[in-house]
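Visitor: Got two chains here, each in a separate frame; can you build the complex from them with the hints?
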Amino acid sequence: MQIAAISVDPVEISRGHAQKVGYTFPLLSDTGAVVIKRYDVLHGGAGPKGNDIARPAEFYVDAEGTVRWVNLTENIAVRARPEQALAAIDAAK
Amino acid sequence: MKRKWNWPLWVGFVVAVGGLFSYQYFALFPITRDFPWANLLLFGIGAVLLLAGLFRAFGRPQVYRGKIFGSIFTAIALLLFAFLCYEIFYVLRQVPLSAQAPRIGEKAPDFTLPDQDGKRVALADLLSPNGTVLIFYRGYW
Chain E
1 MQIAAISVDP VEISRGHAQK VGYTFPLLSD TGAVVIKRYD VLHGGAGPKG NDIARPAEFY
61 VDAEGTVRWV NLTENIAVRA RPEQALAAID AAK
Chain W
1 MKRKWNWPLW VGFVVAVGGL FSYQYFALFP ITRDFPWANL LLFGIGAVLL LAGLFRAFGR
61 PQVYRGKIFG SIFTAIALLL FAFLCYEIFY VLRQVPLSAQ APRIGEKAPD FTLPDQDGKR
121 VALADLLSPN GTVLIFYRGY W
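Just so you know, the protein sequences line up as chains E and W, in that order. When we follow my numbering, the leftmost residue of the first sequence carries the number 1, and every step to the right adds one. When we follow my numbering, the leftmost residue of the second sequence carries the number 1, and every step to the right adds one.
It cannot be assumed that every hint is accurate.
Claimed, not checked - To give an idea of the interface, some chain E residues facing chain W are shown, with a C-beta separation under 10 Å as derived from the structure:
no. : residue
1   : ASP9
2   : PRO26
3   : ARG38
4   : TRP69
Quick caveat, the hints were computed from the structure, so don't treat them as lab data. As the structure is a prediction and not an experimental result, all values here were calculated from the model. Virtual Cβ for every residue (Gly too), placed ideally from N, Cα, C.
Excised from the complex, chain W in its bound form (with noise of 0.2 Å):
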């Protein structure tokens, strides 16, 4: 007998990996950046789906396929999700002390650089009556 399309594992596979390869798109809005609960909730969805999918593919083999793909797919969608984790829970919170940074009450280090227009700016140029923020940021990149 022909068995059936278990399409939770590939449904479930497919969202799991958009999951992790939607982490730039959804970057670009502090509401899903600053913490990526979207991202992780691909991945529930991804999981619900798969776990069905296995469900079904070793409870009733004779009905639905998938005992040995459905087991990869699962296994991959973990290591992606453990990647996804290691990456937004470990590696973008690696930011260097700067424990030597200006503090409040000290004097900020002078400094000339060009802006934009390649024209020469100090610091002295920037203080103003009702104060100045500099901003260090990574880059456009």
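Here chain E stands alone, though its shape is the one from the complex (with noise of 0.2 Å):
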């Protein structure tokens, strides 16, 4: 199963975490948001200087791109990062 983390994380931050977390997936650079609009899961002026970020959700997609499972968090201490997504996800199966 292939994963991929999206954020508004600039590149370097994104290197740092991977390195320091140990992560082998991508972790990819969305600084203007604009995948996160796309996917709808902006979340306006919730970062640490107002601006704008992802809310949490995870998306699972098949084969051909056709999305299967969809978690959308309630709350957002939850859920806010990779790792704990991913617990989840395995608690899931």
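Guide: See the structure below:
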């Protein structure tokens, strides 16, 4: 199963965190929140400097690119980072 | 006569303040983050101590100090508790509706974004026979 994580973090930040945590999957940089808006997961002004960020969300997509499962969390505190999302996906399998 | 130190007021206040400011710490562990029972418990302990201290201060004012500062401490602790409840039961649940997010059965919208090595990655590059999980996250701040 392939994994990719998307946020507004710039490439430098993602690289630092990927190395620190030891991720082997892509952390994609959507600094303009363009893709975030395309998926309608924008959380306007919720970033640390009042910038736009993504609300936590997971989409499971099959080999043809069709969405098979969506998880839109109700509480920001519960799942905000890839490691929690992955733990939840593992638990749901 | 010198009155006694009313320790429950002081300890209760510190514990209540700790109930709020320890949120960032307990939030590191899913077991105490998903529902912040540890923070509420600290406030509960603080409240019991503050009440015990107030009983002493008002019940036996010749023996114990604390009618004024005990009342102030309790008022502050109540405000901090109200603030914590507002944050965890309201603010953290203010998540956008995302009504237009792709639904089951729809095609995932295309994109091309740089990864942590600066390499451009398209959705098509991520598709796989066992499926792909796209995780949108708030960021590492």
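Visitor: Quick check: which numbered hints come out false for this structure?
Guide: Every hint satisfied by this model.
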